[in-house]
Amino acid sequence: MAFRAPTLIALSAVTLLSGCSAFRNYDSELAQTNQQLASGNVDAALTLLEKNNTGPDKDLLYYFEKGELLRAKGDLSGSQNAWSSADGVVGQWEDAVKLDTGKYLAQFGSFIVNDKVRRYEGYDYEKVMLTTQMALNLLAVNDFDGARTAIKKTHEREAVIAELRDKEYLKSEEEAEKEGIKTQYKDLQGYPVASLDAPEVVGLKNSYQSAFSHYLSGFVYEALGEKGLAAPGYRKAAELRPNTPLLEQALVNLDKPSKSDDSDILIVVQSGLAPARDSIRVPLPLPISNNVVITPLSFPIIKPDTSTATFAQIGVDGQQVDLTALNSTTAMSRRALRDDMPGIIVRTTVRAITKGVAQKQINETNPLAGLAVGISSAVLEGADTRTWRTLPDYTQVVRLRLKKGEHQVTLPSAVGGSVVKVTVDQRYQVITLRAVGNQVFAGGLAAHVIPSASATNVASLKQP
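Residues 1 to 464 in full-length UniProt numbering are what the sequence shown lists, from first letter to last.
The hints are simulated quantities; they were obtained by calculation from the structure and are not laboratory data. Any given hint could be a false lead.
Under the rule of at most 25 Å between Cα atoms (straight-line distance), these lysine-lysine pairs were calculated in the DSS-like manner [stated by the list, open to error]:
(1) Lys205 - Lys167
(2) Lys404 - Lys256
(3) Lys403 - Lys256
(4) Lys205 - Lys152
Working from the sequences, and respecting the hints, build out all of it.
Below you can see the structure in the form of structure tokens.
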């Protein structure tokens, strides 16, 4: 039995590797897809996505990416269908968590399986941004009632996540104490600790609540005349991003009667791409068979996207207006990793010790099987690099009062200097623009990118 058990471990490892998703380089796949998107070749980006997802069982990431690409193409119906499929997958995750949180945590916290070969369930900020992006699709066709439903789901999802994470972090602390693991991410030699301790990361309350999502909910409720629900949205946004005049003013203006017949317009500018995840190897001293062995272990790091220049102003009818930043996917991604690192360290360390002991036993009885285990460990122990890459990075907004009719929005030359024709015909309206590389995408009923490179004053403009 002493011979048979290690041999079975070796054979299982080899079997797992054959056709295993561990060989998939998701970062490389999406880098190519995003290059096409940043060049304006959305159809080519979609073709690459389909080429890399030929199996019948599409995963969550496929629907995430497809929804965003179709949105850039202007196919809001197709985008919403793809995201509805993603929402169904996330809904199944929510049901599993609510049905038996303890069982879910036990499965997720398993020390045997590497994170990269688990079924991808999405990071918390991705789950919340999914319904936020779906709300933007609906607002692009002036469906405020539909957007209200998506926003309500966002709030409910946040509550599920909050309860789960409280229990998960407590469990990670208990497991670390039980296994005698005292290593923290700050102890990892060569790890970019500063990126996780940056002020914009530490300043976030958590990784999944977005000031933009809550401000958008306030705007939607206000547009529907539900001021009692709008106020909590604005208040939460101000709490998540304090000292932001736009958010503070939204509460002040909520009870003020409108002094004109102008339309209340929210222009949402989303730019860049979500950061990539990469894997870095860090040497750690591990107790294996009564010896301390310096073992290189893999941990995830965040690589910010550099495809798109940052900007803080846009032109509206020939006048420059300041944008207010309400969301950074890079900061949320780093906060998610910062919060997850204790659990990642425990799982990675325990798994390495267990495999180290098993490999030593195998080597003593069957060197060939030991070699197979060593090879499988080298492949499987890379950090999980999967993440929603087409998700916008920065979300900035400006709120204006505009007269009904046609207007022009001009983006800076850093992103192509595009001019977007906007038709204002609603009392409340949301206009969403997306900048990637030097391309600007606009969808929905009211916004259309036009080839002209000059903006014309066609209407009066004032900020509420």
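Evaluation of the provided hints:
For a cut-off of 25 Å, the pair hint linking Lys205 to Lys167 stands: about 17 Å separates their Cα positions. The hinted pair formed by Lys404 and Lys256 meets the criterion: a straight-line CA distance of about 21 Å does not exceed 25 Å. Using a Cα cut-off of 25 Å, the hinted pair Lys403 and Lys256 holds, with the two alpha carbons roughly 19 Å apart. About 20 Å separates the Cα atoms of Lys205 and Lys152, which keeps this hinted pair within 25 Å; it holds.
When held up to the earlier numbered hints, the structure conflicts with none and fits them all.
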